[in-house]
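Make a model of the complete structure from these sequences and hints.
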Amino acid sequence: MATPNLECRMYESKYPEVDMAVMIQVKTIADMGAYVSLLEYNNIEGMILFSELSRRRIRSVSSLIKVGRQEPVMVLRVDKEKGYIDLSKRRVSEEDIAACEERYNKSKLVHSIMRHVAETLHLDLEDLYLHVGWPLYRKYGHAFEAFKLVVNDPDSILNTLTREVKEVGPDGQEVAKVVPALSEDVKDALIKNIRRRMTPQPLKIRADIEMKCFQFDGVLHIKEAMRKAEAAGNSDCPVKIKLVAPPLYVLTTQTLDKEQGMLVLTSAIKACTEAIDKHKGKLVVKEAPRAVSERDDKLLQEHMANLRHANEEISGDEGSDEEEDTGMGEIDLENSPAGLQD
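Here the sequence shown stands for residues 202 to 543, numbered as in our numbering.
Any given hint could turn out to be false.
[Said to hold, decoys possible] Straight-line distance between alpha carbons at most 27 Å, and here's what the computed DSSO-like set of lysine-lysine pairs gives:
| # | residue 1 | residue 2 |
| --- | --- | --- |
| 1 | K307 | K459 |
| 2 | K228 | K309 |
| 3 | K307 | K290 |
| 4 | K483 | K405 |
| 5 | K479 | K443 |
| 6 | K309 | K459 |
| 7 | K424 | K481 |
| 8 | K443 | K483 |
| 9 | K388 | K340 |
| 10 | K413 | K479 |
| 11 | K367 | K340 |
| 12 | K393 | K340 |
| 13 | K340 | K309 |
| 14 | K228 | K281 |
| 15 | K424 | K471 |
| 16 | K487 | K499 |
| 17 | K487 | K413 |
| 18 | K441 | K413 |
| 19 | K459 | K487 |
| 20 | K441 | K481 |
| 21 | K393 | K307 |
[Said to hold, decoys possible] What follows is a list of derived Cβ distance ranges for each label pair:
| # | residue 1 | residue 2 | range |
| --- | --- | --- | --- |
| 22 | K483 | S357 | 49 to 59 Å |
| 23 | N353 | R278 | 38 to 48 Å |
| 24 | A489 | L350 | 29 to 39 Å |
FYI, nobody ran anything at the bench for these hints, they're computed from the structure. What you are looking at is a predicted structure, and each value in this text was computed from that prediction instead of being measured. We put the beta carbon where it would ideally sit given N, CA and C, even for glycine.
Here is the structure:
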């Protein structure tokens, strides 16, 4: 059995449009500039002249471009006959970079799914794109958006795809016939891979605050403010608040909807602020609500562990004239009061 073709561009167009930001990988650096591969266009070659690296005077080329680096650049010229593509790094804006990176990450995931299905079932990848990927790009703006819908309702998306085949009729004449674009085994493999790779995972949203209250019963006032913060959550976005070390606290929530999670934490901070303000306390937002990674979570846990360890060492010191402060650890709102800040 012949090895199927597993190399194909991500988009229907063979070449990018002028003034479009594309993702590249630097291959070599020559006398006049850098030769790069356009990752979304099956690694066709392009070139960035040194004059297009930076708006500022170039003191060191190596500080601006390195072999192996992937980054968005702007398309300046495309000569389809000769295959020349001129690119610019200095003309790409921050907005272009963000949009390009978002599009590329989506396209890369779609491409990975398509390539895996083609490889597993010994299909031609370009043929799979021709009858599945590119029609979905045309209809939904990006195949990624269609794949998200496939997770919960595959038939409504994939059953609309058709292809035209030619058959010889009873009279010996060749006729065109419209049939489903996907056989059942290809459809099943595609659904299985999409669901495995694209089933949404909860995002963790976090905000960091400082909260103090020097009033009488300040401990109880902080506890009340923390309850107000947690009450701002809901079943889809439950809010938790923990003490890192006086006066630093973190608010967190987990949700499938990033925008909703950000709004819920913002509301929680507002509720907490209003509650502590009533008792002449103070709340300062150190880090606004943002999505955090597992690495961020790990760093926070390590920081909290280090602070606890430091507090344990302080509590063991003898001969101190100052009042001992062991910190409060993680607060259980049901069974223990929040701490009064220093």
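Hints and how they fare:
1. K307 - K459: holds (17 Å)
2. K228 - K309: Holds, at roughly 19 Å.
3. K307 - K290: It holds: about 22 Å lies between the C-alpha atoms, which stays within 27 Å.
4. K483 - K405: Distance ~26 Å between K483 and K405 Cα, so the pair holds.
5. K479 - K443: Roughly 21 Å between the alpha carbons, so the hint for K479 and K443 holds.
6. K309 - K459: The given pair, whose Cα atoms are some 21 Å apart, holds under the 27 Å limit.
7. K424 - K481: holds (14 Å)
8. K443 - K483: holds (17 Å)
9. K388 - K340: holds (18 Å)
10. K413 - K479: holds (12 Å)
11. K367 - K340: Satisfied, since the Cα-Cα distance of roughly 25 Å is no more than 27 Å.
12. K393 - K340: With Cα atoms ~22 Å apart, K393 and K340 stay inside 27 Å; holds.
13. K340 - K309: holds (19 Å)
14. K228 - K281: holds (21 Å)
15. K424 - K471: holds (15 Å)
16. K487 - K499: Given pair K487, K499 holds - Cα atoms ~19 Å apart, limit 27 Å.
17. K487 - K413: holds (13 Å)
18. K441 - K413: Given that 27 Å is the threshold and the Cα spacing comes to 18 Å, the pair holds.
19. K459 - K487: holds (20 Å)
20. K441 - K481: OK: K441 and K481 at ~23 Å, within 27 Å.
21. K393 - K307: holds (18 Å)
22. K483 - S357: 49 to 59 Å: Since K483 and S357 have Cβ atoms about 53 Å apart, the given range 49 to 59 Å holds.
23. N353 - R278: 38 to 48 Å: holds (43 Å)
24. A489 - L350: 29 to 39 Å: Holds - the Cβ-Cβ distance for A489 and L350, about 32 Å, lies within 29 to 39 Å.
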